[in-house]
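Engineer: Spelled out from the first residue to the last, the chains are:
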Amino acid sequence: MTEHDARAPGTAIGSEFGTVAASAPVAGAEPILMTRARSQWWDVWDQFSSHKGALAGAAVFLAIVLMVVIGPMIWPLDPTETDIRSRNQGISLVHPLGTDQLGRDIFARVMQGGRISLAVGLTAMALSLVLGTLIGVMAGYFRRLDGPLMRFTDLFLALPLLPLLLVMVLLFREPLTAAFGIETGIFILIVSAIGITSWMQTARIVRGDVLALKEREFVLAARATGTPSRRIVTRHVLPNILSPIMVSATLGIATAIITESALSFLGLGFPPDFPTWGRLLNDGVSYLELYPGRAFWPGLAISLVVLSINYVGDGLRDALDPRIRGR
Amino acid sequence: MLTFTIRRLLFAIPTLLFIALVIFLLLELAPGDPMANVPLTVPSEVKEQMRVALGLGEPMHIRFWKWIIQFFWIEPLNVFDALFGTGFAEGKLRIISWQNRAPVFIAIAERIPQTLWVVGTAYVVAILIAIPVGIYSAYRQYSIFDQAGTFVTMVGFSVPPFFSGVLVILIFAVQLRWFPSIYDTTLEVNSWEAFGMQVRQMFLPVMVLALQITSQLSRFMRASMLDNLNQDYVRTARAKGLRENTVVLVHVLRNSMIPVVTVIALGVPSIFGGAIITEQVFKVNGIGQLLITAIQANDLPMVQTLTFIFAVLIVLFNLIADVLYGMLDPRIRYD
Amino acid sequence: MNAQRPLVEVRDLKMHFPIHSGLLRRQTGAVKAVDGVTFDIYEGETLGLVGESGCGKSTCGRAVLRLYDLTSGEVVVDGRAIGTESQGSLRRMRTTMQMVFQDPQACLNPRMTVGAIIGEPLDEHTDWPRKKKRARVEELMDQVGLNRAFLNRYPHEFSGGQRQRIGIARALALKPKFIVCDEPIAALDVSIQAQVVNLLEELQDELGLTYLFISHDLSMVRHIADRVAVMYLGKVVELAPRDALYDEPLHPYTEALLSAVPEPDPAMAGRKRERIVLKGDVPSPANPPAGCNFCTRCPKVMEVCHRIDPAFREVRPGHFAACHLNDPRYGPEHSESAEPTAPEATRTQHGGTR
Amino acid sequence: MPAGDARPVLEVRDLRTVFQTRGGEVHAVNSVSFDVKPGELLGVVGESGSGKSVTMMSLVGLLPMPPAEVRGGEVLLDGEDLLKVSPARLRDVRGGEVGFIFQDPMTSLNPVFTVGFQIIEPIRRHMGLNKRQARERAVELLELVGIPGARGRLSDYPHQFSGGMRQRVMIAIALACDPKVLIADEPTTALDVTIQAQILEIVEDLRARLGMAIVWITHDLGVVAGIADRVMVMYGGQVVEHAPVHPLFNDPRHPYTRALLRTIPTVTGARADKLQVIEGQPPMLGAAPSACPFRDRCPLAFDRCHAENPLREVVAPNHDVACFHPLAHTAKEAVA
Amino acid sequence: EAHMGERGRDGEVNIIYWQAPSTLNPFLSGGTKDVEAASLIVEPLARFDETGAIQPWLATEVPTVENGGVSEDLKQITWKLRDDVVWSDGTPFTAEDVKFTYEYCTHPEGGCAQITKFEGIESVETPDEHTVVVNFAEPKPYPYTAFTGGESPILQKAQFENCVGAAASSCTEENFNPIGTGPFVVDEFRTNDVISLSANPNFREEGKPAFASVNFKGGGDADAAGRAVMQTGEFDYAWNLQLAPDVIARMEAGGQGQAVAGFGPLLERIMLNNTNPDPSLPPEERSVIRPHPFLGEPAVYNAMSMAIDRPLLVEIGYGQAGRVTCNWVPAPEIYSSTSMTCDEQDLEGAKQMLEQAGWVDTDGDGVREKDGVELRILYQSSTNAVRQDFQALIKEWWEEIGFAVELRNVNSSVFFGGDAGSPDTFQKFYADVEMYANTFNGTDPQAYLANGLCDKAPRPETQWQGENISRFCMEEYDALWNELAETADPLARQSIAKALNDMYVQNGGMIPLVHRGRLSAHANDLGGVKLNVWDSELWNAADWYRISE
Ligand SMILES: Nc1ncnc2c1ncn2[C@@H]1O[C@H](COP(=O)(O)OP(=O)(O)OP(=O)(O)O)[C@@H](O)[C@H]1O
Ligand SMILES: Nc1ncnc2c1ncn2[C@@H]1O[C@H](COP(=O)(O)OP(=O)(O)OP(=O)(O)O)[C@@H](O)[C@H]1O
Ligand SMILES: [Mg+2]
Ligand SMILES: [Mg+2]
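Protein chains in written order, with our numbering: chain A, 1 to 327; chain B, 1 to 335; chain C, 1 to 354; chain D, 1 to 336; chain E, 1 to 549.
The hints are simulated quantities; they were obtained by calculation from the structure and are not laboratory data.
Since we're looking at a predicted model, the values are computed, not measured.
A couple of the hints might just be wrong.
Pairs of lysine to aspartate or glutamate, DMTMM-like flavour, derived with a Cα cap of 20 angstroms [as the list claims (entries may be wrong)]: (1) E/Lys395 x A/Glu215; (2) B/Lys92 x E/Glu109; (3) C/Lys279 x D/Asp78; (4) C/Lys279 x D/Glu143; (5) B/Lys92 x E/Glu174; (6) D/Lys274 x C/Glu202; (7) A/Lys52 x B/Glu193; (8) C/Lys177 x C/Asp281; (9) D/Lys274 x C/Asp69; (10) E/Lys395 x A/Asp318; (11) E/Lys395 x A/Asp78.
Some chain A residues flagged as far from chain C (calculated, every beta-carbon gap over 10 angstroms) [said to hold, decoys possible]: (12) Asn88; (13) Phe180; (14) Phe218; (15) Leu242.
Even for Gly, the Cβ is constructed at its ideal location relative to N, Cα and C.
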């Protein structure tokens, strides 16, 4: 019977009752049904929290974020401080993850690297989402823009990304560094390089959803009310494509972190005194046999983040999907 | 369908020309110099002369135009000559690499076999693994198998190949000595023994690549299966008294494969494109490695030709994916 | 009772959706969703619009509200020709005309609270302070019989009937004169349909609303409408006061339609055996048959039907039909059915039932 | 028309189905019993969510389990309890001895297989015919349900058919193996009245010719009035009234049935000024019923209705009703 | 040498270069990888051996003034060719080929990478089949450039006749399969990938080479190359392993092979910018020498040098492939100055020196200043793991003595690329200091020392080309160098060169860091390897053999 819920609304209202009965009290005239109003976000959380993987993922991710944000403030060792006497050390109390070839504390570096990697992941994701959503919505909503914008998207999809990334990095490194200083400059550069080369999937998904949504009656209702397109988009379209956007977002963070590490591998990432997970991992790979920890810890951090975010994304997908949520 | 295909092909031409221009301009604007790898002991005047000898002195639009002519006319003529022993292309200047002053297509032709071998095999292996895994995970959603599969695929997705590649080399090539760590591109498979060698040297890169591809494909397969398992026609099939196997492997699978097949088709250009990092790690000197060395050497004709070929392939396979979609799904009729 | 002043005048309305094909995506045809429709809706009345799925009812309803850009024809609402006005200047007009939709689930934005949904027209067209808007929203909720306490709830927490009430409240927010109800009950359960229909009737009495009531449920249209238009394949084939239409349909399609409605009384059902079962399906509106649109399925088809498209004529005063049977030139031997014979008295009766 | 004394081919006793959901259990079907005899058409009516579909799907295990669980009861098909047989046997029954038609013809056919393939599938599976024979049979079936040019259309895909034709294909599939029982779950709800009339015509014709038992689910009382022999009214997962078609329409005993009959306008006869409504909401099926499910909406409800769940009691020949109110057990005029 | 036998007895030898050769014509590329790969096939008239001494190769002897091969006025050199040499296609090797090689490289449209080798040559004459006379326009005290060393081998005239000038690049077949006189001939050349070679049947020496074939693999990274030789034993010889010492040690523990180091004049250094590097300045101001806000001050650059712990750098970065040095010309020994020491870090001394020069931290921000100028340094280098480690360490030391240091690294293809439009090249030098390595070919430093001449400074007029990266400029230095250019006496040349070296380092041209060697690895069972840093590493591949237990 649930199949009914899965299809286009309107085919079977009977199942609506089922849904309501199963998930939230029916608001009727009866006093017993006057329970507190539950927003749909509550429902989403409800479903989300019943997904064990997603919950664990969220916990791990939060823990990592906390560690990375607060860690460097309380951890006494500076990630860039070299201590040549104690280099290449193993695990110890002073250096819980050991030290590198210059005697820098790996724990401090992993935390510091996480700040950058996560910041890159989050901002690049945000950028690609904004771009993708903007283009997707414009293409989906305005029929006249659809053709040009989708050709534009195809163009980006057809552009080989690696050379593009490389060229971007080479081109804008200096002006940005000059304008914002080395750290912010390169940060902006990498974030925009990743963002600009990864919005296309989101745009396509969003466009598809907007096209479907545009035909939904509540958008028509808004048009009949006289709501101008601009507000239809912000009020009716955007909130309803939140679920694919959220899922894209979680995947986006993961890919951005991995892309950043690949950039480091190709020597185009952050400057060397900037520990990012990708860079640490890449540096550690040559020492894999001697000091496996050097590559292991940043590698583990990347994997954990990607893994946890993927689980969160999975959970969100289920939670935001009304068909699944109804069950 | 035919009109659709022709229309898309016609559309592809301006798109590709535009892409060619974009690539050309981007590369043109990029800093870097083909003489960077020439030792510092060579004085700069000499480097300047070498640059001029490469044709760098000419203005940009002329070089672009030349390149377009070479790519679309002279090189195809050369292929024709090579196939039929004719001599149409004689004396015409081909696209010349700056690194070695040889036609870039010679290098590309040399690289295609190993890339196809390794990346292609990995792709096939990945498809063969991903599809059953995806089917079973979806069918038993939230079962142990599904959970474990999800975990493994996500790990596979999250470990960058420059790490996993070196790791398997250390384990299987250095410690266990089961497989070679360096790919021999000169190996000719002309005996069983050579075939065994080939399998052995392909094993590690294929494994690393396949893990990555499997991760993505199996997630896709699973999602697609899940979408279809809830459809009404599945209930109809069950109501007909069909065996569960038939229901899932005939009715659901056929529908689920439609989007997956197009995803697979869309991935094919990446086979030709090679897997840059994996090729680098395993010294499979394929197309990907060619591209990266060309980038490092600022060999613009090579980079440009390669990236443009990728773009052509991407556009082409996009089209193929659309056509496939139309063929697999009887509901879709392009006109 | 009727002031007999047309609030809405529709003249030869056409709404074609282009079909593009071929190498250059030239327009090679059109889905003639609405193909030359003419009718008036008088102030305070309900015009029922019935027909099979895909015959263009919704398109017609939307075109009347200028939610589409018309292919041709003229629409005058409340004295103002809206057929060619820009969407920007139309915005003002939207306060006089509103719409209620078929699917109460789909027509409410699931991410907005009831208050926000009902208040949206107010946000768009008034600059009232928040308090005043809220007061109006609550008033509307009272009017449609929703508990004020549900202001901050989301649509999915309501039953279908309640959701439809929300939709109606939204349509009422700006005190419109004219509401297009596009199958407002089709998606509802039988027991709830009645609630909604009653509500619509009450509101009409109270506020003097004018409805274009689109439905394929002939029995419900009979209940609610004053006059009824029957559509087939983009055209209105018959338009008449309610009782005239139900008692004495002039178009064979209307006849068939009426006979196909199952009679929920086994006794009656047994008697009404001479059910007319139409053969085949509705042709595609992209490729309608030559001559009369109905000629492919008509049980009384004549040779002329395949050639000439019958004109939409006033066969009897107030009773329009588009059928050659009603044309003395082509009509069957027993031409009395084609002649306006009904007594004057019955007609006036029909006109003023309510 | 039905042979009143024939043995029922399908007998359901005390069927109970529960869904396990996140919000708790949903008791969708509670102690439902009914039977059908060969050649008879049993109409099942009730508002949405009253458990009609779940009841029928529980019979042959078509519900997804989990979340569904058949908690008890017996489903006797020619004396064999379908709830106890092996999965393999159940598969033989499905499509072979019990045919199903579903509501939505647009989605119930597999879009990527030809219509012919989909009809042939159960024929080969259950009747063991070879490919050619099965094809012949498929052509026969399509002709039977009135599809013109049947042979040529076997290789068409569902999307090339209109809604009405697809539903006919569904009927053909359901009839493919000469089932003893045909269960039609709102087969015409999604169709236009003119198409519905076509389908009803076909079904009546088929019933007369093939003599199978039919269970016809609908919430359109008009349809039931036209074709059913007996009618079962469901409400809140229970059968609240059950009677041959004439008594049910002329002499409804349950307040719900009565209300339901009054809410619907007709195209003929007198036109009420105001439609009757059933106030309130259908019940939530959160627990096994301990009281009358209709009590909150019932104008006649009294104390007992809130405390006890009425059992079905025979009030006239072949006519039973689940209501405590004495009026239900006497004549109808009293209420009007 | 004890190893004797017939040609090709030892089967195949596997060589891996982690940078893959892209051509086998050393005149068209000039990259080390290409030159070295080509050295298996084509040969020069004379070579440098592993000690840096010049040895006759295709010539019968090295011409000198003593043996009359070089004229007294230093304007003519006469090479006598061996008469037992034939090309691998069996045709005789003659003076015409040598002359052709000169014409080939000096053709103005050819873009020859080795054209400097032929600088100053007025004409090449071939009085007979086995005599080549080279005439110089000016006296040439060091005439061993043309036809000497791996970078200037002889091409076969018959093969390359039609490939002169602009036609050079259309001769793919010739460039990929040159006919040579060397021990091996090309079977198949795959650009940037693999070269298959086999023993030259017409090689002039009996019983050589010992290997019947060579599998020359290119590509990957130094890690993998080292692993393949020392750990898995897949390869016999790996070139230029720029790896951390502990990684090398770990690989050697694999027991399959060993690393060998050799020291040429390669020097890792920090160049000091003598102009103001601010990119916002107009080009004219950018090229004014010695207006750098503070780097012109001896106290500053001396303190910077003193703050560096060179032995530690060696240990961390290069291990056995590095040595501490204070010289710009660290090798060959005869030219390397011994007047300076710098192998001890002296942070206190450095601080004091700055203090005395008036550089003090008055505002307490940890950075010293004088007259409102702060010691802020932008320190750039190419992207490379070891360099970045060095940067981190040196930054720390410099910050300790009161500098503020900002690090920057640039992709090496940009950094070393001569793109006049890019601000990131080492020549543009938009930084205060930059670190890289440089060296010179052969054993004579004269051309290299010219990098300190005023007029070699990159300027806008020269499109920022020029070898004087530091923009170092001293009249005395220019004068002394001119003296060197006219001196032929070896001893005198040595002492002038040392003086130039000291002058450059002591006056703020650069801070030498590490004298870098070449670290290569060969399999334990590969015999005859003599690591040569003055010429191609594969110079004596004809003598290589398999050690059998
Ligand atoms: N998969 C499910 N999970 C939970 N509850 C379900 C599920 N399927 C059905 N139900 C519930 O079972 C009850 C009966 O549903 P059923 O589909 O039988 O109603 P119906 O009478 O067929 O209605 P309709 O006329 O809409 O088809 C409803 O309350 C519904 O919510
Ligand atoms: N935007 C559109 N583009 C192309 N064709 C359309 C569009 N909207 C409607 N149509 C076509 O116009 C015809 C009439 O559609 P419409 O929705 O008005 O029918 P309807 O009578 O409302 O049917 P239903 O009862 O199913 O709602 C149909 O054939 C439909 O396919
Ligand atoms: Mg409609
Ligand atoms: Mg149902």
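Engineer: Run every hint past the structure and note whether it holds.
Structural biologist: Right, here's what the structure says about each hint:
1. Proximity of E/Lys395 to A/Glu215 is assessed by CA-CA distance (about 62 angstroms); at most 20 angstroms being required, the pair is judged violated.
2. The hinted pair formed by B/Lys92 and E/Glu109 meets the criterion: a straight-line CA distance of about 19 angstroms does not exceed 20 angstroms.
3. Restraint check: the Cα-Cα separation between C/Lys279 and D/Asp78 comes to about 38 angstroms, which exceeds 20 angstroms; the hinted pair is violated.
4. With a CA separation close to 15 angstroms, the supplied pair C/Lys279 and D/Glu143 stays within the 20 angstroms bound.
5. Restraint check for B/Lys92 and E/Glu174: the C-alpha separation of about 18 angstroms stays at or below 20 angstroms, so the hint holds.
6. Of the pairs offered as hints, the one joining D/Lys274 and C/Glu202 holds, with about 10 angstroms between alpha carbons and a cut-off of 20 angstroms not exceeded.
7. Distance restraint check for A/Lys52 and B/Glu193: the Cα-Cα separation of roughly 50 angstroms exceeds the 20 angstroms cut-off, and the hinted pair is therefore not satisfied.
8. Between C/Lys177 and C/Asp281, the direct Cα distance comes to roughly 37 angstroms. Violation of the 20 angstroms bound is thereby established for this hinted pair.
9. For the given pair, D/Lys274 sits about 38 angstroms from C/Asp69 by alpha-carbon distance, which is inconsistent with the 20 angstroms threshold.
10. In summary, the hint linking E/Lys395 to A/Asp318 is not supported, as the alpha carbons are separated by about 51 angstroms, beyond the 20 angstroms threshold.
11. This hinted pair checks out: E/Lys395 and A/Asp78 have alpha carbons roughly 15 angstroms apart, not beyond 20 angstroms.
12. Listed as outside the interface, A/Asn88 is consistent with that label: its C-beta sits roughly 55 angstroms from the nearest C-beta of chain C, beyond the 10 angstroms cut-off.
13. With a cut of 10 angstroms on Cβ distances, A/Phe180 stays outside the contact zone with chain C, its closest approach being about 38 angstroms.
14. Chain C draws A/Phe218 into its interface by the beta-carbon criterion, the shortest separation being 5 angstroms against a cut-off of 10 angstroms.
15. A cut-off of 10 angstroms between C-beta atoms contradicts the statement that A/Leu242 is not in contact with chain C; the least separation is 8 angstroms.
This entry does not satisfy hints 1, 3, 7, 8, 9, 10, 14 and 15, going by the numbered hints stated previously.
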